[in-house]
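**Student:** With chain Z held as given, fit chain S onto it using these hints.
Single-letter residue listing:
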Amino acid sequence: MNDYVLTVEGLRIELDPSGADIDDEVTLSIRQGEVLGLVGESGSGKTTAATALLVHERRGVRIGAGEIMVDGRDVLALKPKELRRIRGGLISYVPQDPSMSLNPALRIQTQLSEILEAHAFGSSAADREQRLEEMMAEVLLPSDRAFRRRYPHQLSGGQQQRVALAMAFACRPAVIVLDEPTTGLDVTTQAHVLRTVEDLTHTYKVAALYVTHDLAVVANLADRIAVMYAGRLVEVGPKTALFGAACHPYTRKLLEAIPDLTGEHALRGIPGRAPMPGHRPQGCFFAARCSDALDKCRAEFPPYDGPGDDHRVRCWRWQEIRSRPMFGDQPLLIGAGPACVTDEEALITVRGVKAYYGTHEILHGIDVTVCAQRCIALVGESGSGKTTLARAIAGIHPGKIEGDILFRGRRLERDSRARPKESRQHLQYIFQSPYGSLNPRKTVGQILSQPLKQFFELSRGEMEQRMAEALELVALDDSLLGMYPDQLSGGERQRVAIARALAAEPSVLICDEVTSSLDVSVQATIIELLAKLIQETRVGMIFVTHHLPLVRSIAQEVTVMSEGQIVEHGLVGEVLENPQADYTKRLLADTPTI
Amino acid sequence: MSAVTPDQKELIPSVDELLPEPKAGGAHRRREWVDLLVGSLRFGRTRVGLVIVVAIVALALIGPYVAPHSPFATGIAPDYSGPSAKTFLGTDGIGHDIFSRVLCGGRTVIGLALAATVLAMIIGVGLGLLAGYSRPAIDDVIMRLLDVLLAFPQIVFVLLLVSVLGDALWLLVLGTAVSHAPRIARVARGATLEIVGRDFVRASEALGVPRRKILVGEILPNITSPLLVEFGLRLTYSIGLIAALSFLGFGLQPPAADWGLMIEENRIAMSVQPWAVFVPVMLIALLTIGTNLMTDGVSRALIGIDRDTGAK
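Respectively, the protein sequence lines represent chains Z and S.
Under the numbering used here, think of the first position of the first sequence as 34, with each following residue one higher.
Under the numbering used here, think of the first position of the second sequence as 58, with each following residue one higher.
Derived by calculation from the structure, the hints in this document are not laboratory data.
Fair warning: there could be bad hints in the mix.
With a straight-line cut-off of 30 Å between C-alpha atoms, the simulated DSSO-like cross-links for lysine-lysine are [unchecked claim]:
#, chain 1, residue 1, chain 2, residue 2
1, Z, 272, Z, 329
2, Z, 387, Z, 618
3, S, 270, Z, 454
4, S, 270, Z, 486
5, Z, 433, Z, 387
6, Z, 329, Z, 454
7, S, 270, Z, 433
8, Z, 238, Z, 114
9, Z, 272, Z, 618
10, Z, 475, S, 270
11, Z, 112, Z, 238
Here the structure is a predicted model, which means the values were calculated and not measured.
Bound conformation, chain Z alone (with noise of 0.2 Å):
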């Protein structure tokens, strides 16, 4: 097999004092031209793993052991100048957010030229500037001066990460590394970035290392896919196979976890957490999250195996677990209640509002109705206005609006603080990141009573059984009350903020982009917590999002805001099965699906 650019052998990375493993056994390879996608949730190690193929030690951490060869060179045994000669010659980067990785004092040309003139790229300046300007083709930028005398932060989010693209790709690397890059980009910069990787790595016959945490966004760019677990690969096989019929159990609970456009399959979040670091336990790492696992899993941890030499896995089962259909369980039915049709009936009426910062109009007349025991989902991209909605109608956006927004048919203030304290009580909203909306100085039973002495008068005791109430709701322990923010995971923290608004015994929930801090795994089980409380809890909710398969496991109804416009609105089987409007069509069309 000597058609592989890239192989890794029994890669071990470790924290540097203590030793505590956070990645080992890696072992994969890439052919030329290929795209291996990398995937992995938060703290899985999978970023680690991909910055150490360029032999990147970040302070703290150290290669242990192992064996990376690029192009028949050990990389491991390189002197220190001759590795900073291969990076970004023969293996380059692209790192995951381009705002903090261009250098925002220097013109993008420069930029893109100091990598040509470190590594000597052509033969004369002339070379140079015509590699300079076809890269700027091959990534779809203008290549005019003036375009290449810009600073990145005149350029958008999609521009700056083809600027990036453009620079690892200048000299023609065999290998190339690709960090999550087109997170925090708009669906549709989105799928523009991918197709240009896609242009390029076929057209220069690169090997590709694909690193996301998101199964969907290789699910068409990738080759094959390495599952990353806890710092190890658990399978790793050609992407049919491994759609079709994975044989990990990691494997299959994440495709279950990815919420699907079509609504063919349940949402399905994994319980439990990823053993961190010096914490990992004896056997199978997965096994304490496996509804599977065996005695043997507990005691050892299972070696390569599987179906072929092309589809390698880590399990004792395999076997078994290949033999079983994907995706067995059906969708989740809510128990939604009925539309409402009049002022009073509705719980929350908005009529032609229109929102501004400063006097710029950011909403130009928008109306929506919210009725309990339903739930209506805000799509669009960012700068649609699906947030500003969102707070103007919880009564914290900071500008001016006009129009009504109705409250069981009474009107209400701008500002919370205006509006009546019934009215406060039951529009809850929770918060994007639940990294910012607690703070971090108050315990959970701190942060839990706010809501409760501002509407209830409570004895001591009431107060702690409305707390261990609300933490039950959310399947949280009261043994939290005690503990910060910060001793809790971001799925635990985001079950806090929403039991903090739980606790205020709302009608109304505003949900502004609640998953969208949070890895897969736990974004499926917060929207299967919201679900089941529009049923137990009776709340009407308003669910912003910009995921548009999300919408599906949640929402009956939904609405497509773009520019500060409603541009489509319907039942959501309708509107995701039959688009009317074309910007719906084309984020249908971008969004990645399996």
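**Tutor:** Then chain S, alone, in the frame of chain Z:
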């Protein structure tokens, strides 16, 4: 289905991020500023500073009880006599025992400086919080008024105040505090602005929590660390300022025992009786060095400078 059952929870460590590694004390952590103080002790400079400060404060507190003579007694030995078994550091121009006066003269400097700094923190933090969490117009009014105060050199400001209103001790404290307040307010406002933008403040606003409670309950606990550093820094300046004012004759009046005053009283006789000047000067200098070293250690711990490498 989505629940994390208790037995699963035990298998799962409670630390979210991969790095840094969980610290042993993570679970029973109380407040950030306590952590910060404890953490700053890993720096040698903090420990040295702490030893100096504790020693001098102990000297000032215990001194009056162990002084061999009354600080006001005259004629224990002839005027300007040198060190002897009876008077360790000799006597000054009117026959006071210098050693006893040194032991008794620290309380005022330390007490007044501490009082002034605490008062300055209350005024400065209050104004800073208010400015940072108010409408831009109010913010501007507060900060521009403070800028006016900032235009006066501190010592000139306090001298102006005491020369107009008289030299009562409480005026010294108030003057010093007011001259510090604008600087503290700037730090507090800067830290506040950063916190005000966070979603948890927005969440409390949406619940209708009163502004006063948001300031004290939500924002203040999040800015304690920079304020702690500021407190140390201001304390150092206060000691210098109060000592200087005593030296200039605006503090305690003769025959009271006070380090600043001693320097002033004895400076003309420095060639014949150097100890009466040298010892108070050294003690004041050491005290400011000590508080400064501690502050430096705390601020290093705050920004996370590593002892060995000096890098972040």
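**Student:** All hints are to be evaluated individually against the structure, with a verdict given for each.
**Tutor:** Outcome of the hint check:
1. 272/Z <-> 329/Z: OK: residue 272/Z and residue 329/Z at ~29 Å, within 30 Å.
2. 387/Z <-> 618/Z: holds (26 Å)
3. 270/S <-> 454/Z: holds (17 Å)
4. 270/S <-> 486/Z: Holds: residue 270/S and residue 486/Z sit about 12 Å apart, inside 30 Å.
5. 433/Z <-> 387/Z: holds (8 Å)
6. 329/Z <-> 454/Z: violated (58 Å)
7. 270/S <-> 433/Z: holds (26 Å)
8. 238/Z <-> 114/Z: holds (27 Å)
9. 272/Z <-> 618/Z: Cα-Cα ~26 Å, so holds.
10. 475/Z <-> 270/S: Distance of about 14 Å is within 30 Å: holds.
11. 112/Z <-> 238/Z: With a Cα-Cα distance of about 27 Å, the restraint between residue 112/Z and residue 238/Z holds, given a limit of 30 Å.
Figure legend: structure checked against the earlier numbered hints; the only hint not met is number 6.
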